[in-house]
Amino acid sequence: GAVVSQHPSRVICKSGTSVKIECRSLDFQATTMFWYRQFPKKSLMLMATSNEGSKATYEQGVEKDKFLINHASLTLSTLTVTSAHPEDSSFYICSARPGTGGEKLFFGSGTQLSVL
Amino acid sequence: KQEVTQIPAALSVPEGENLVLNCSFTDSAIYNLQWFRQDPGKGLTSLLLIQSSQREQTSGRLNASLDKSSGRSTLYIAASQPGDSATYLCAVRGNYGQNFVFGPGTRLSVLP
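As given, the protein sequences belong to chains A and B, one line each in that order.
Here the working numbering is used: position 97 in the first sequence is 97, and no number is missing along the way.
Here the working numbering is used: position 39 in the second sequence is 39, and no number is missing along the way.
Among the hints, a few may not be true.
Computed list of lysine-lysine pairs in PhoX-like fashion (alpha-carbon distance at most 25 Å, straight line) [to be verified]: (1) K42/A <-> K66/A; (2) K42/A <-> K1/B; (3) K14/A <-> K66/A; (4) K68/B <-> K14/A; (5) K41/A <-> K42/B; (6) K68/B <-> K55/A; (7) K104/A <-> K68/B; (8) K66/A <-> K68/B; (9) K42/B <-> K20/A; (10) K104/A <-> K42/B.
Keep in mind the hints are simulated off the structure, nothing from the lab.
Only a predicted model underlies this, so the values are computations on that prediction, with no experimental measurement involved.
So that you can see chain B by itself, here it is in the shape it has in the complex (with noise of 0.2 Å):
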């Protein structure tokens, strides 16, 4: 059964930091990875997708990486942004069935 964490589960920085945010997972037999972002009380909001044959992913200030052997995947995020503040959270889709398992999540404080 695919399990997914991530560290640290809360994270505060001052603004203009660059800053990492690590995911694991148990299966490294995975279709892909999407990063998501979720801000309180709302839905969640789609980062980055990495296919499983992908080494990384970028999108202006945020670069996604795969290590798909180590089963880790990392977000970073550049010059951050007190707007960047909200919950990240990782999910993974193994090579069977269409489920995404997510992680629980790292919350993020950017302070002006």
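So that you can see chain A by itself, here it is in the shape it has in the complex (with noise of 0.2 Å):
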């Protein structure tokens, strides 16, 4: 099956910084990504969805200003969290769907934030 790789797994970080978190499709090529968060025991929260080459559209109330997406390639988006506060320690996860028209979602395993 597809792999959708994320990187780093857990960063802890000092509140003011930017931490960089980046989601690769392995074996296929992805069109779109989506980024999402999750809370303790709650499901997730779609944040924004990423399209190759062009700009990402966020959810409303998310600030594209502090969660800033960049999807460079057909295999790779980045979430940076700029200017993190402890606010902002929370479970990221990515998706990815294949661009040759499959439907299923692929996820990665994750990122664990907690800014100190």
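Now that you have both chains on their own, put them together as the hints suggest.
Okay, structure coming up:
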């Protein structure tokens, strides 16, 4: 099956620093990638939809200047949490849909961000 | 706006039991529905995808059904095993747009 690699799996940073999370589709091209945030024992909240070569589409209430998304190639999307604060601590997950018309979503393993 | 709910929120069963997880959605104009499994602190693993024109999908001990008109899907797990313990989420994709709307999940514990 399709594999999506997400790194890092865990990151601890100081308040005010920026953190970059990478999401790679290893064996397929992903024209569309999605970034989610998940709070403990809660479901996934879609943050933004990332399309290769164009600007990301952010969901209502998500600050695009704080959560920078770059989808520079068909296999890589990055999420940068800028000037992180403790309230940004969460589990972030990316997913990708193959560009060959496949309908399934394939997920990365997630990144646990802790901001001190 | 599509809303997805799942019942029960948590379920604990002895090993070997057959069980049913329920998913309901408010807008029946869906493109497809997907069931996922999530282990603690991990990403999601796709289990079954049902297109809007389909009634059910099967994979091993798992069977997912879809009744679009009533806004319901069920995930049936046969002969449950301790390794099935995880959170199960359903997600619905509407006819417009690319996004999936996720339910809150059912936390399943299968006791040996």
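Now for the hints, and whether the structure bears them out:
A hinted pair counts as satisfied when its Cα atoms are at most 25 Å apart, and K42/A with K66/A qualifies at roughly 22 Å. At most 25 Å may separate the alpha-carbon atoms for a hinted pair to count; K42/A and K1/B meet this at roughly 19 Å. Pair hint K14/A plus K66/A holds up; C-alpha atoms about 16 Å apart against a cutoff of 25 Å. A threshold of 25 Å between alpha carbons decides the hint, and for K68/B with K14/A the separation of about 47 Å lies outside it, so the pair is violated.
Among the hinted pairs, K41/A with K42/B is consistent with the structure: their alpha-carbon atoms are about 12 Å apart, no more than 25 Å. Restraint check for K68/B and K55/A: the C-alpha separation of about 34 Å exceeds 25 Å, so the hint is violated. Simply put, K104/A and K68/B have alpha-carbon atoms about 19 Å apart, close enough for the 25 Å limit, and the pair holds. Straight-line distance between C-alpha atoms of K66/A and K68/B comes to about 38 Å, which puts the hinted pair past the 25 Å bound.
A hinted pair counts as satisfied when its Cα atoms are at most 25 Å apart, and K42/B with K20/A qualifies at roughly 19 Å. With a C-alpha separation of about 18 Å, the suggested pair K104/A and K42/B falls inside the 25 Å cut-off, and the hint holds.
When the structure is compared with the earlier hints, violations turn up for hints 4, 6, 8 and for no others.
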